[in-house]
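J.: Take a look at the letters that make up each chain.
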Amino acid sequence: MATTEVERRRGQLAALSIAAVVIIVGVPLWWRTTETYRAWLPVSQIKELAKLQLHLSADVEVVFARGTVTPEQQKKVPLTQTQNMEHRVDEDTALSYRYETRYRTATIMEEDALNQPTAAEADLSLHTLSESPSGSLVVYVIPESSSLLPQNVDVYIGQRRTALLRIGSQMRVGKTLEQLLAHMEPRIKQVLHVMSFSHTDITAALSNRVRISPGNKESIADSMRAFKSSPGYEITFSLLNPDPKSHRLHWDIEGAVETYIQPLLTKLSPVANFSIDSQTLYYAMLGVNPRFDSSRSTYTLNADSLAHVINPVEARLGSNAASSNPVLNFLLYIPDAHHSPLYIHDHKKQQVPTNAFHSPRWGGIMIIRQCWVYNVNEFYEVDTVFPVDINIDMAKVMGVFLAQLRLLLGVQSSTPPPGFLVAPCGNAGLADWELDRLMWSRSVENIATATTTITSLAQLLDQIGNIVINDNIAQQVSSAVTSLQLAVSELEAGNLGFALQYSKEAILSSERAFFDPSLLHLLYFPDDQKFAIYIPLFLPMCVPILLSLLKIVSEARQKHREKKPKKD
Amino acid sequence: MAAHRCSFSAVLFALWGLSLLTVARGQEATLEGNDRTAVVDNPESVAGAAEQAAGQPAAEDRRWEATAVEEVSPTEAGGGSDSPAPKPAASPPSVPRPKDDFQEELVIRPLHSGDIYTSFQFRTLWETDFTRENKVSHYRLFPKSLGQVISKFSVRELHISFTQGYWRTMQWGQPYLPSPPGAELWVWFQDSLTDVDGTWKELTNVLSGIFCASLNFIDSTNTVQPSASFKPLGIGNVTDHRFLRYATLPREIVCTENLTPWKKLLPCGSKAGLAVLLKSEKLFHSSFHSQAVHIRPVCKDDQCKTTSWELRQTLNVVFDLHNSGQGKNEWSLFKMFSRTLTEACPVASSSKIYIDITDNSQGEQFELSPATPLLSQAVVLGDRRTFSVYDLTQQITFGTMRSLNLLIRGKSSQGDMLRPLLHAERYVAGYGLQTGEIHTLMYNNHPYRSFPVLLLDSVPWYLRLYIHTLTVTSKGKDNKPSYIHYQPSKDRVRPHLLEMLVQLPPNSVTEVTLQFERALLKWTEYTPDPNHGFYVGSSVISSLVPSIVAMDTNNSRERPLFSSFFPSKEESSYFVRVYTEPLLVNLPTPDFSMPYNVICLTCTVVAVGYGSLYNLLTRSFQIEEPSPGLAKRIANIIRKMRGVPPL
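Line by line, the protein sequences are chains S and B. Just so you know, the numbering used here puts the end of the first sequence at 571, numbered straight through with nothing missing. Just so you know, the numbering used here puts the end of the second sequence at 653, numbered straight through with nothing missing.
One or more of the hints may lead you astray.
Stated by the list, open to error - Sample of chain S residues facing chain B (criterion: CB under 7 Å; computed from the structure):
| hint | residue |
| --- | --- |
| 1 | Met-112 |
| 2 | Lys-248 |
| 3 | Ile-536 |
Worth flagging that the hints you see were computed from the coordinates, not collected in a lab. For glycine and all other residues, C-beta sits at the position ideal for the given N, C-alpha and C.
For reference, chain S alone in the conformation it holds in the complex (with noise of 0.2 Å):
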C-alpha cells in the first residue's frame, strides 16, 4: 500500500513537472520563435497627431504716414492688437487664425519712399528699405491728400509683401485713436483676404484629411485644378509636329525657358523643386478629327471632343525615367496642312481665344495659330517646297503655357474687392504675397497629408499583425512625427518658411515610410494551415499532460471531499 502510495506521489510530481517546464520553458519559447519583428512605433504621438489643431499665425504692421494720424493719437501708438479666429473642420481637425497687428508710425526714410510719384515707385523703395519676412504683411496707412494712388482706388496691393491703404476723409481730426482703427479694421481685413491665407484656401487645402461637403461646381472645379503638393515638379514642354513631311519646325525652347519660365521658378523654388524637359514628337497626331467649318472655311475642335484629343498622344509623351514626382505636360501642336487653321470652339460656339486648353492636374494643350509663326507669308503659296520651314514665336506661346501653368500650381489668383488695386507681378510672373499665400496652403496641405498617412499607416499595421516593422519604418516614422510636430509649431509662431520646410520633410519621409517594399514581405499564415502543421506536434504532447492534470485536480478534489466526513 504504501510503495503504490509513494509511487503515485511520484507520478504525480512527474506530470506536474512536465507541465510547469511546458509552460514555463516550451510556451515562451513557441511564443518567441514565431513572432515577428516590430520595432517600436510612436504611437501615442501619431494618436495626438490624429487630432489636428492647427494654429496659423501672421504679423502684420500697420504704419501711419505723416498726415494720418493726430499728434495726441500718436503719442498712444506704438501699440498691439491681436485677433484670433476659431473654426471647427470636423470632429478631429480645428483650425485657429491669428493676426498680430502692430501699430506705429512711419520712420522719415520711410515717409520719402512714401513722397515717390507713383505708387509702384513707392513700393519698390519700401521694399528696398526693410524686406519683411514671408508670411507677414506691411500696410502703410496714407492720407487722403496723397497722390500716390488715383482716384477711385482706396488700397494697392504691391507686387511685394506691402499695401497701401488710403485713409477715408471723414476721419480726419478729433476722434480717438480707437475710433480711427475701428474705421480702417473692414478694409484691413480686406486686405488681409487678399494677400494672406484665406479659410477657404486653408480648408481646400485640408482636403486630403477633411472630406468637405460639396459646394458649388465652381469651387469644386477650383480646388480639382491644381496640382496636389509634392516636393518636385517635371515640367515637360512637347512640339507635336503630325507632318513632318510638310512642316519643318524651330522653336526656341531653350531661351524661352529662361526667358518666362525659369523667373516664376526660381521664385517658386522655396515651394518645390521643378526640372525643365522638352522634346519633340513626330507623327504625334490628335485623337479626334476637327470638323471642317465650311462657313468660315476652317477646322474646329469642339469642347466636348477635346476629352479624347489627349489619349493617343499621352502614348507618344512617355514617363519620366529619372524621378517620380509628377509631370506637368504642355503640347503645342502645330497642325498638319491638311487640318490647318484649326480652332478651338468653346460651348457657346465661339472660338477660343488662346486656341489653348488645360487638362486638370495634367497640363497644357496649345494648337498653334497661323499668325503665331514667323514666315506667315509663305506659309501656303502656290508652289511651297516642302517642307517649309516654320518658326515659332514663343513669346506668344509661352504666355499662355505661363498662365496655365500658374493655375496648375494653384497660385490663386482671386479677383479684388472693389476699390482694390492690385500691382502686375513682375518679370517673375508671381508677386511675393502670392507666393506666401501658396506658401500656407502647401504647408497646410502637406501637414494634412503627412498625418493623414502616418495615422493611416499606424492603423494598418496595428490591424495586421502580421507586418514586419523594421527599424528603418520606424526611424523613417519617428522623423515624419518630429518634423510634423515642428511644423506645426512654427505655424503657430508664424514662420512660414520653416513650416513649409519641415512639412515637406515629414511629408517625405511618411510617404517613405508608407511606400517601403519591407511591408509588402507580410508574413502571411493562415490559420488552417497552422494547425495542420502544430497539431502533429502539440496535440499528441498537451492530451497527456493535459489529461493527468485533471486526473490530480479531480483526485484532490475526492480526497478533500473524503476528509470533510471524517471530520464530522
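Keeping the supplied structure of chain S fixed, place chain B upon it in accordance with the hints.
T.: Relative to chain S, chain B alone:
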C-alpha cells in the same frame, strides 16, 4: 504553275492598292487647295483675346477648360525689360543648323541556307554633353527617356540587347552585330561615379521599365566586372573595370512588348521610313530575332575636340525559308514584312537599303528587282562585300508605283559558303545530379594562322566550379592560357568569373573543360519550374581574327602588286565576338511538399518518443494477475447466466 499564278495575283493586288493610294492622294490635294483659300479669306487677329476669354461662362463639363490668359502674361507685365518678343512681321531669323542627325539603314543578305538575313540600323547623333553641370533637357531627335537615363545615372556607354533564338554561325556566317540569346546588358559608368553598384541596381530597374523586360532580375548574383573582354566602344580612355558592369539573363523571352518600346525610341516611330516594316507578327515569325540599343560617345569631327552621343538601335532578323511556307526561294519586302516602303523618314538625313550581292556578281544566285545602278563596296568582317544600294530619299527609287517592294528571286541554292574562321560551342557533360563538366569548344578554321582569343565565362554560384580541374587542350596537347583572371563565387552574392587568353593554333579545335558541383538551394530560391533546369549564360569569345582579304595572297587580281606584299594594317584582322549557346543545367530538386512532410514526420516521431517517456515517468506500475483464459471467461459468462457462481 500554281505558284506563278499566285505571284501574278499578288502583283495585281499590289497594283490595286497603289491605285487606291493615288486616289487618296488626289483627294488630299483638293483639301490642300481648300486650305489655301481659307488662308486668303480669313486673316486672323489675336486682338481682344483676353476680354473674350474672361467672359466665358462656367462650362458644364469642367474637366476640359479653355485657358484664359489674364493680364499677367509676362510679355506685357515684364516692363519690356527682357522680353525679346519680335514682331510677327519681322523677317524670319536664320534657321539654326540642327545639332542632331538621324540615319536609317537596312541591310539584306541572302544566306546560303536559303534563309534571309535582314539587319536594320537606326543611328541618332547628338552634339551634346550629358556630363555637364546643368543637365541637358531639350530633346529633338534623341529620345527623352534614354537621355534622362544617361544623365541621371552617369552612363558613359550602354549596350543592351534582347535576342530570341540562337545565331547559327556555321550555317549563317558571322552576324553584323552578335548578341547572346536572352537579354544582355553592359554599361560603362563615368569615372566620377562613387556608388557604382547602387547606380547599377537603379539603372537596371529603370531600363526594365523602359523596355518592358525583366532586367530588374539583374542583381549582384549575375553581374560581373570583366577585366578584358568588354572594352569601351566609344571614345574615352578609362578602362578601369570597376566602372564596368556586365550581366546576362539567358532566360529572358523577347516578344512584342519589348519591340513596342524599342520602336517608340525612333523619331518617326513606326509611322514612316524603314520602321514601317517592323510589324511584330512577321518579325517574331522568324528563326532569329535580336534587337539592341547601343549608346556611346563618339567624336564629332576629325579633330575630336568635342564629343557627340551616338544612339544606335539595331534589329536583326533571320527569316526562315521553310517556315514561311511554299518552299520557294523567293523573297520580297512584302513577303517578309507584309509592308512595302513608300517614303523615307522625313527627319532622316540618310535612308538606304543595302543588298549584299557579293556572291551574285553575274546574277547567278538570285535575281533582284527593281534593279539599281548604285553599288557600294565595304569591308565587312574581314571580307570585301559588294552591295546594291537603294536610296530612299530619292523619289526615283520608288518608281512610278510610288512604292518599293524589293524582290529577290533565288535561282540556285548551291554555292559554297566560306566557313567562318572562328566559332564555338559549349555543352554540359557528366551524369547524376552531383557533379558535371562544362566543355567549351573553340574552332579555328584558318588554314595557317593562329590567333589569340579571350574567353569569358560567367557561371552562377550554384554551380561550384573546381578551378583546379581546368584544362585547355588543342590538337591533343595541353595549351596553357597566357592570361587567366578568375574571381571565385560567393554563395548568394556573386557569380564565378573566368577570363582567359588562349592562343588557338591554325585549323584546330581547342577544348576547355571545367568540372563543377551542383549546389543545393534553399527551397525559396528555386524558380517556379525548377525541373526545367537553370540557365547558365553564354560564354563570350572575343578575338581579332585574321581577315579573308589578307588571306588570299595569291589572289591579287584586283589589287596592284605593290600594295599586296605586306598585309595592310586595317584589313589584316577584324574584331569578332562569338557567343556560345547558353547551358541548361539540372540541379537537385526536392519535392516541394517536403517541408510539410518533414514537419509532420518529425512531430510524430517526437510525439511518440515523448508519449512513451511521459508514460514511463508518470504511470505507477504494479503486477496484475494474469487474466483468465478465453474458455474460462466464456464458461463464467454461461455460469453467470445460469445463476451459478463463477469458477
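J.: All the hints need checking, so say for each whether the structure fits it.
T.: Hint-by-hint comparison with the structure:
1. Given the 7 Å rule on beta carbons, the hint for Met-112 (chain S) is violated: about 25 Å separates it from the nearest Cβ of chain B.
2. Nearest Cβ of chain B to the Cβ of Lys-248 (chain S): about 5 Å, under the 7 Å cut. The hint holds.
3. With 7 Å as the threshold, the beta carbon of Ile-536 (chain S) comes within range of chain B, its nearest partner Cβ sitting at about 5 Å, so the hint holds.
Hint violations for this structure: number 1 only, all remaining hints satisfied.
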